[in-house]
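J.: So the sequence lines, in the order shown, correspond to chains A and B.
The working numbering applies: residue 1 is where the first sequence begins, and numbers increase by one.
The working numbering applies: residue 1001 is where the second sequence begins, and numbers increase by one.
Calculated directly from the structure, the hints in this document are not laboratory data.
Just so you know, these numbers come straight off a predicted model, no measurement behind them.
Heads up, some of the hints might be wrong.
Just so you have them, the derived chain B footprint on chain A, three or more residues with Cβ under 8 Å [what the hints assert, rightly or not]:
#1 97–107
#2 156–162
#3 417–423
#4 451–459
If we take Cβ atoms under 7 Å as the criterion, some of the chain A residues that face chain B in the derived model are [claimed, not checked]:
#5 K3
#6 T45
#7 F118
#8 S143
#9 T166
#10 Q173
#11 S178
#12 A179
#13 A216
#14 S222
#15 W246
#16 F254
#17 C404
#18 V409
#19 C426
#20 Y463
We put the beta carbon where it would ideally sit given N, CA and C, even for glycine.
Listed here are the chains, written in short residue letters.
Protein chains: 2
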Amino acid sequence: MEKLDISYLYKNAKSLKGKDVSVAGWVRSVRNSKTFGFIDLNDGTCFNGVQIIFDQNKIDNYDAVASLIAGSSIIVSGKLVLTPEAKQPFEIHAEKVTIVNQTDETYPLQKKQHSVEFLREIAYLRPRTRLFNAVFRIRSVASFAIHEYFQNNGYVYVNTPLITTTDCEGSDQMFKISALDFNNPPLTKNGKIDFSQDLFGKMSYITGSGQLHGEAFAQAFSKIYTFGPTFRTENSNTKTHSNEFWMIEPEIAFCDLDSLMDIEESMLKSVVSAVLEKCSVEIAYLDSFIAPGLKEKLTKLVKSNFVRIDHHDVIDILKQANVKWEFEPTYDGDIAKEHEKYITSYFDGPVFIKNWPKDIKAFYMKTNADNKTVAAVDLEVPGAGELMGGSQREEDYDKLIARCKAMKVDMDKIDWFINLRKFGSCVHSGFGMGFERLVMYLTGVDNIRDAIPFPRTPNTCDY
Amino acid sequence: MEKLDISYLYKNAKSLKGKDVSVAGWVRSVRNSKTFGFIDLNDGTCFNGVQIIFDQNKIDNYDAVASLIAGSSIIVSGKLVLTPEAKQPFEIHAEKVTIVNQTDETYPLQKKQHSVEFLREIAYLRPRTRLFNAVFRIRSVASFAIHEYFQNNGYVYVNTPLITTTDCEGSDQMFKISALDFNNPPLTKNGKIDFSQDLFGKMSYITGSGQLHGEAFAQAFSKIYTFGPTFRTENSNTKTHSNEFWMIEPEIAFCDLDSLMDIEESMLKSVVSAVLEKCSVEIAYLDSFIAPGLKEKLTKLVKSNFVRIDHHDVIDILKQANVKWEFEPTYDGDIAKEHEKYITSYFDGPVFIKNWPKDIKAFYMKTNADNKTVAAVDLEVPGAGELMGGSQREEDYDKLIARCKAMKVDMDKIDWFINLRKFGSCVHSGFGMGFERLVMYLTGVDNIRDAIPFPRTPNTCDY
Chain A
1 MEKLDISYLY KNAKSLKGKD VSVAGWVRSV RNSKTFGFID LNDGTCFNGV QIIFDQNKID
61 NYDAVASLIA GSSIIVSGKL VLTPEAKQPF EIHAEKVTIV NQTDETYPLQ KKQHSVEFLR
121 EIAYLRPRTR LFNAVFRIRS VASFAIHEYF QNNGYVYVNT PLITTTDCEG SDQMFKISAL
181 DFNNPPLTKN GKIDFSQDLF GKMSYITGSG QLHGEAFAQA FSKIYTFGPT FRTENSNTKT
241 HSNEFWMIEP EIAFCDLDSL MDIEESMLKS VVSAVLEKCS VEIAYLDSFI APGLKEKLTK
301 LVKSNFVRID HHDVIDILKQ ANVKWEFEPT YDGDIAKEHE KYITSYFDGP VFIKNWPKDI
361 KAFYMKTNAD NKTVAAVDLE VPGAGELMGG SQREEDYDKL IARCKAMKVD MDKIDWFINL
421 RKFGSCVHSG FGMGFERLVM YLTGVDNIRD AIPFPRTPNT CDY
Chain B
1001 MEKLDISYLY KNAKSLKGKD VSVAGWVRSV RNSKTFGFID LNDGTCFNGV QIIFDQNKID
1061 NYDAVASLIA GSSIIVSGKL VLTPEAKQPF EIHAEKVTIV NQTDETYPLQ KKQHSVEFLR
1121 EIAYLRPRTR LFNAVFRIRS VASFAIHEYF QNNGYVYVNT PLITTTDCEG SDQMFKISAL
1181 DFNNPPLTKN GKIDFSQDLF GKMSYITGSG QLHGEAFAQA FSKIYTFGPT FRTENSNTKT
1241 HSNEFWMIEP EIAFCDLDSL MDIEESMLKS VVSAVLEKCS VEIAYLDSFI APGLKEKLTK
1301 LVKSNFVRID HHDVIDILKQ ANVKWEFEPT YDGDIAKEHE KYITSYFDGP VFIKNWPKDI
1361 KAFYMKTNAD NKTVAAVDLE VPGAGELMGG SQREEDYDKL IARCKAMKVD MDKIDWFINL
1421 RKFGSCVHSG FGMGFERLVM YLTGVDNIRD AIPFPRTPNT CDY
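All chains, full assembly: derive it from the sequences and hints.
T.: Structure below.
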C-alpha cells in the first residue's frame, strides 16, 4: 500500500473515510491500557500528528508497540476513521504496525519540555520538537512567499557571488577564505603568508552583502532581488547577532525612495499574509505557548498603513517624550533600540524612518539637496525593531567619487561599481532585509539562534 | 505619469492602444533619418525591447536623442500605437524623451557582437547583452520553478549551514575560513597559526554540500530540500568546473531508490516545462543563435520516459558497442563523458544509471544485498551528461560505521550524523543537482562561467 503524507490525510480525510491507509513517521508519545493504546504519530509534513489506535486483538506485536519510546520510527497500516466529536478530525485504527527503528533511553528528546538552550546543543534533533517544527516550517513558507512576491512582480532572482574581493561593508567585517595548506603555507620574502599563491591569486573573502553586484544587474533587468547567505565576523553574543545569516536584497532601477517604501510595505504584507494563511496551525501554537499576541500582531500589520516620517521629526518626538532615555536622541545620531520601541508604539504600527544624517550612513546612499541627509530609510516594526534598511543610491558619478573620497572608501576595489554611474546610470534604490529577523518577527522567537537551522556565533560552529 | 514596465506593455498592448504611456530603460540602438528616428529601448523586464519613434516636430531635443549611444538611459513619454503589420506588436510615438545618463565611447558594449570570453571580463555589464539577458532570466525562472515544485509537493526548504566543521566531501576539497588577522596571527608553541583562537575556536570551512544536515531535517519533516551555494577548492579549468556553484539537495524519509527516481524525473520535467512556458522568447532566441535544436531537446525531455538501467548493464552495452573508447568501460569503474554521451544517444533520451560499484562511491550510500554495489543513481541527459546524482542512504547504524571505518572517514566530525541511525532511522534517499549544470542544459551555453552571474574559477575572482 502506498504511504501517504499525514498532511494529505488532513486535506482528504472525508474522502478517505473508512478506507485503508498507510502512514510512516515518528512516535511522539504512546499511551496504553492493557488491551489497546494510542500513538501520537508525526511525519513532519504538517504540524499536527495523527492518532493511531492499536488493539491487542488486531496487531501481532502489541507489547513491542506499547513500549515504544518517543522518536522511534514506525509504519502503520489501518483504517481511517472520522472522529467528529474529538479534538482531531480523524484517527487510524491500526491493522499493522511495523517498527522500523527504536530509540532507547539515550535519545535526547524525552517527552518532557526542554529549554531552548539545551535544544541548541542538539540542533540536528531540535526540528523534531513542536517549537522548531513550527519555526522552520514558517521559515520555509516565508522563503517561498518572498520568492513568489518578487517573481510575480517581474523581478529577476540574481545569485550574487559569495566569494568576493569586493567589499561593501568593510573587509574587516568579512571572513577571509583560503585553499592554502596552513600547515605549510607559501611565504613572501617578509615571512608572511603569500596569498598571491592562493587559488584566486589574491586575498578573497566571503561576502557581507550582494548589494553592489545586485545594482549591476538592476541596470540590466530593472528589477532584481537576491536571497542568499551573508557573513560578518562580528564577535558579538547578543540575541540578534549571528555570523551567518540570510539576506534578501532587491535593487530597482528608475525607483526613488518613495517607490522603494511602497515596495517594502507591499512585500512585507504579502509575506505576512501568506504565513498567516498557510501556517495557521503553527501560528496558533506559537501564539498559545511562545509569543502571546503573535497572531493579532501579524494580522494587524497586514491591515495597517505604514507611517513615513523623517529622522529629524522622529528626534523631535523622542525629545518631547516624557521618558528618561538611556541614550539621548540627537539630530545627527543613530536611534537606539529604546527609541525604536517608543516610536513604533507611539504610532502603534510600522514606521518608515527616512532621510537620515549622512555622516552615520554608507557611502553609496544618495545625498539629499540639503547636503546634510541621505535618502535612506529604515523600517521599524512593533516587537522587532529594524526589519529592513534601504536607500536611494547615489547615481551621480562625480558625487559618488566625492563621497568615496570623503569616507576613505578604497575605490580600486569597486571601480566597476563606480563605472555603473557612467554607463546608463539612473535614479535607483534598494533595500536589505535580514531573513532571520523576519523569521523572529513571524514566529515570536526572541533569539536569532532559534530562527536559523544551524546557528553560527562566536565559538559555536558545531555540525 | 507613472512609468510602466515594457513587459507590462506587451501583456496589455491592446487595452493601452492610443493611450499615453511612459517607459524608462536603456538604448540598444538608434537609427535616424534627418526628421525622424527609431530607438530600440530595453528595460530588461522582458527580453524584447520596444520601438520608440521620435520626430523632429514633436520633441525638443531631437539632435541629442538622435546621437545617443547604446547603453544610455532615457525616459520616454508618448502614445502607444499598435502595429499589426510589423514584426513587433506595438511601438511608442515619443512626445518627450528625457536623457538621464549618456554613455560615451568608453562604454565597453558597443553595437557589434562580442565574444563570450570578452564578456566574462566585464561580468558586471554582460547581463545587458541579449545572450546573458536570456540566460540569467532563464536562471531566475528555473530557480523559482524548483522552489514551486518542492513547495507545492509539501517539502520544507532548509537553509543548511555554509560555515561548517562537518565534512561530507572531504575537507581537502573545502575552503578554510578565518577571521584572524593574517598579518599578525596568534601562533601555537610550534609556530603554526593558532586557529583555536579564531572566531569559532577551531578551523572552519565553507561547505561543499548540505546533504548531511539535510538528512537531519528529513528525519523531522520527511521531505526537505536545500537550494544554496556550495564550494570546492578544485584547481581545475574545465568548462564544467567552478569553485562556487549552487546546488539543490532534496532528502526524503521513507523513500527508496525507485521513489527517488520518480521524484527526480517529475521535478526535472516540471522545471523544464515552466521554462518552456515562461521563457518562450528567450528559448527561441537561444535556439536560433546559440544552441540550434534547444527547444526541441527540451520539449522532447518533457514527453520522454526516463530509462532506468543498472550500471552493470550499461557496461555490457558499452562493451558491445562498436566504438574505440578512449577509456575502456569496466564493471567496477566510473563511466567517462564519452560513455555518458553514447548511452543517452543509445536510448535517445534521459537515462538513470543505478546500482554502482560500491568502491567508487561515497561512504553514506546504501550497500545492496550483493555487497558489491550501492543503491546510487546518476541521471544522464542528452547534451549535458550527468545532471543529478543521488542514492538511498545507509540507514543501518552498524553498517554505516563499518563503511566509515573501511573508507577511513573521520567519524568524530560526523558523530551526530551517525547518531541519526539510532534515533528513528528509516529508509531514506536524496539527490543533488548542480544548478549551473541545469542552467547550461536549459540555455545551451557550454561553459559554466556563462551560467552563473559572477563566476569563480582559479585565479578569477574579480568583483
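J.: Each hint needs a verdict: does it hold in this structure or not?
T.: Structure-based check of each hint:
{"no.": "1", "hint": "97–107", "in the structure": "holds (count 6)"}
{"no.": "2", "hint": "156–162", "in the structure": "holds (count 7)"}
{"no.": "3", "hint": "417–423", "in the structure": "holds (count 6)"}
{"no.": "4", "hint": "451–459", "in the structure": "holds (count 6)"}
{"no.": "5", "hint": "K3", "in the structure": "holds (6 Å)"}
{"no.": "6", "hint": "T45", "in the structure": "holds (5 Å)"}
{"no.": "7", "hint": "F118", "in the structure": "violated (15 Å)"}
{"no.": "8", "hint": "S143", "in the structure": "holds (5 Å)"}
{"no.": "9", "hint": "T166", "in the structure": "holds (5 Å)"}
{"no.": "10", "hint": "Q173", "in the structure": "violated (9 Å)"}
{"no.": "11", "hint": "S178", "in the structure": "holds (5 Å)"}
{"no.": "12", "hint": "A179", "in the structure": "holds (4 Å)"}
{"no.": "13", "hint": "A216", "in the structure": "holds (4 Å)"}
{"no.": "14", "hint": "S222", "in the structure": "holds (5 Å)"}
{"no.": "15", "hint": "W246", "in the structure": "holds (6 Å)"}
{"no.": "16", "hint": "F254", "in the structure": "holds (4 Å)"}
{"no.": "17", "hint": "C404", "in the structure": "violated (17 Å)"}
{"no.": "18", "hint": "V409", "in the structure": "violated (16 Å)"}
{"no.": "19", "hint": "C426", "in the structure": "holds (5 Å)"}
{"no.": "20", "hint": "Y463", "in the structure": "holds (5 Å)"}
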